[in-house]
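First to last, the sequence lines map onto chains A and B. Numbering of the first sequence is given in the UniProt record's numbering, commencing with residue 1 and proceeding in unit increments. Numbering of the second sequence is given in the UniProt record's numbering, commencing with residue 1 and proceeding in unit increments.
In short, the hints are calculated from the structure, not lab data. Because the structure is a prediction, the values reported are computed rather than measured. Treat each hint with caution, since some may be false.
Said to hold, decoys possible - Here are the computed distance ranges between Cβ atoms for each label pair: (1) A129/B / M144/A: 54 to 60 Å; (2) T72/B / V209/A: 39 to 45 Å; (3) K457/B / N236/A: 46 to 52 Å; (4) P227/A / K270/B: 21 to 27 Å; (5) A202/A / K332/B: 52 to 58 Å; (6) K380/B / V163/A: 56 to 62 Å; (7) L201/A / G317/B: 57 to 63 Å; (8) S381/B / N311/A: 54 to 60 Å.
In this text, a Cβ means the ideal position worked out from N, Cα and C, and glycines have one as well.
Chain by chain, the residues:
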Amino acid sequence: MRNTLLKLLTPLFAVVSALIVSALFIMATGRNPLDIYQKMFSMTFGSDYGTGQIVFRTTSLILTGLAVAIPFKVKLFNIGGEGQVLAGALAAATTGILLPSQTPPLVAISICTLTAMMAGSAVALFAGWLKVRFSVNEVISTIMLNFIVQAFVGYMLTWHLAVPSTVHTPEIIQSAQLPMFDSVIGIWNKSPANFSTLLALASCLGAWVMMFKTTAGYEMRAVGLQPEAAEYGGINPNKLILKAMATGGAMAGLASTNLVLGYKHFYEAGLTSGIGFTGIAVALLAFSNPLWIIASALLFGFLDYGGLTVNAYVPKDIFMVVQAITILMVLVLTKKSR
Amino acid sequence: MNDVVISLSGISRSFGEFYANRDIALDIRSGSIHAIVGENGAGKSTLTKIIYGLLAPSSGSLSIKGNAVRFTSPRQAIEAGIGMVHQHFMLIENLTVTENIMLGDEGGSFFAPLKTKEAARKIVSIAQAHGLDVDPDSLVSDLSVGEEQRVEILKLLYRDADILILDEPTAVLTPSETSRLFATLASLRDEGKTVILITHKLDEVLDVSDMVSVMSKGKVVATKPTAAVTKPDLARLMVGRSVLLRVENPPDRPGEVIVKASDLSFVDRKGRKRLTSLGFEIRAGEIYGIAGVEGNGQSELLSILWGMTEPGSRIDGSITVNGLSLNEMSTKEIAAMGISHIPENRLRHAVIKEFSVSDNIIFGRHRERSFSRFAGFNTKSVHDYTKKIIDRYDIRYDMQSNPPLSALSGGNQQKIVLGREIERPELKLLILAQPTRGVDIGAIEMIHKKIIEARDKNIAILLISSELDELISLSSRIGCIYKGSIRHEFSAAEILKGRSSEQDLEKEIGMFIT
Ligand SMILES: Nc1ncnc2c1ncn2[C@@H]1O[C@H](COP(=O)(O)OP(=O)(O)OP(=O)(O)O)[C@@H](O)[C@H]1O
Ligand SMILES: [Mg+2]
């Protein structure tokens, strides 16, 4: 009992001490850190809109975090989250544009979501297949796939999909758009937070159940922890590698629905802005535990948006330092407790 | 000669509520071989880890050569002249013997050239003095288990350790390697070094040690000069009752042929011939023993039987179970035929250290209907089954804390694998490699009984063991494996007769395996 309490308090303690260290940096720029923190707080969790922004960012990061965490259970390092989100975004946008406009919402949303997941999944699965078939290291293949997907998506946008003289596609049909929290239950006023947050939370729960409660998860953990023993136990590691990569990629694909179906309603260049890479940090910080990922993504979401809010007072670079310090502190201080 | 070199008083170590060592007082004399025996989980490894600085005692004091010490890491123990050979060797495969031995003790500054030649000379001279010969230039990956162990001991001597701790060093050795090791230990003792030796083989204790301590339930219950005790004495002190040192083996009733290998050959990935027209049969309800010196094809035979041959190798001839060829089958398909396999290196191949006890008890059997519900597990039936195996195989650990397998004592980890594999439902064939390695004599008695019970349930059993007395007391027939084929087979009648004059039979077997 005392132990679990300690476990829960450590990350909190880490965040607080990171704030203290960061305060020194802010002081060095000649600002009063308390002032800045106060401003930051009032514009993030202190405001309805700010909270919504954080929820929106957290949602994407939860999913890209899962994209790393799930393959990591079989000791695969999926660096390809960025490419997988992009593939998903392009798929979601294209499907959303092509669907007949009278498609009922539930059908339209389902179809777009599924194609996004399938696109992300396919990219990751390809890396998995290279691993299983040719023993290509997945770190290298997923990085290469990032380049390939980026180039392909860029090409498709500029040459085929973009609305003339813009860098975005046309809007997806109305019924494919995910409802906003604001318009349905009236919270998080005007913020981009939308119903895909629920999908993200459900995915965490699902991933946790899969990892710790199902036979497939049991086998995955066995392969990750002791591959030789797993083979003796009649477990086929290759199948699990493919499964884990496919599921991870699907999660990254799902992240794109938050952006395309929930927020912008079209795909535009730079929409994914590195969330795939941040997902790596999110997963590492959470030790790849799907439930801890929620907390970890929330921290990153907060730092991300919090930095923007005080942009006018503290140079962006300083705030990036603050972000990095926070993450390092959390890592150092939670190291022992888990 | 008789001064005390290690003195423990009031040493306790707890894990949570559970005491692995409780109030231990023990003096170890300089220049002696001091054996520690005790049941699985008695606390032997814990005690040596405390002496070596790997675990800190919860209370009590330790003094080395008259100085009170409080080690916080093995580094300090090493400086005090203590060295430990772990059961799992800690060598780096891709480095040579010399490089491994020098590791961590290279001397000189960071950029100074490695004095490999000099080191190699020193190694050779230590090795010659104590019968520890290994080629200092060969790669560790090319060494046999016995040689690796010699490297571990050399490593300690190279660092001038004068107190050596060996935790179950003979578990992985062949009988001839064991006697070599003991000759080495005796020569070290004669030189004034102190040896602490943990073993489950009481004959070894009587053979080689000067003093023996018996541990039970975390306490040292007796410390005596070895000359003053007998094997049954020790057994009784350990287990608290007298132990059957030989299992009862009622006549068997062999049925139809289950396993049939004929003209079986195997060429490994590097093109070396490992099995040459090997042939044998195992019937339902009989135990077929295979005697042989390690490295004569046993591992290859096992890998074929378990569908785990390395890619690039080739099998010729046939091996069938119930008439079905195993050549192209996967491990999963083989297991599904009702075949259980207890591999020799269980801690590496048969368990997941980080998993809980119950997750390990279903490992490899986790797809069985009775354990599953929807896509997951039926927690209740897994839990009940775990309890059943734990009771039946006398697996001892602190159940309250639901620890990972790695927190169990070595022998109790072994018993989990045995229980799981012997109890597989619809079992047709049981493959046992060194089944009693690492378990105490009480457990050996129990395991031998279970093996006979399994046989009497009409299960075919293949038993590979380096303990000749185990083979003789359990097997219906014994095949002697030598250079990849069965060189001679002892019939049921010969074995039965041989049991009354075991020494002779052992000698005879010995002739066919060397
Ligand atoms: N890290 C740990 N956490 C919890 N319990 C532990 C831990 N290490 C050891 N124990 C417990 O302490 C007891 C003694 O273990 P130890 O390994 O010393 O036994 P042992 O005498 O060496 O047995 P064996 O002959 O089976 O190797 C066991 O019951 C074990 O479960
Ligand atoms: Mg032990």
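Going down the list of hints, with the structure as the test:
{"no.": "1", "hint": "A129/B / M144/A: 54 to 60 Å", "result": "57 Å, holds"}
{"no.": "2", "hint": "T72/B / V209/A: 39 to 45 Å", "result": "42 Å, holds"}
{"no.": "3", "hint": "K457/B / N236/A: 46 to 52 Å", "result": "31 Å, violated"}
{"no.": "4", "hint": "P227/A / K270/B: 21 to 27 Å", "result": "22 Å, holds"}
{"no.": "5", "hint": "A202/A / K332/B: 52 to 58 Å", "result": "32 Å, violated"}
{"no.": "6", "hint": "K380/B / V163/A: 56 to 62 Å", "result": "59 Å, holds"}
{"no.": "7", "hint": "L201/A / G317/B: 57 to 63 Å", "result": "58 Å, holds"}
{"no.": "8", "hint": "S381/B / N311/A: 54 to 60 Å", "result": "58 Å, holds"}
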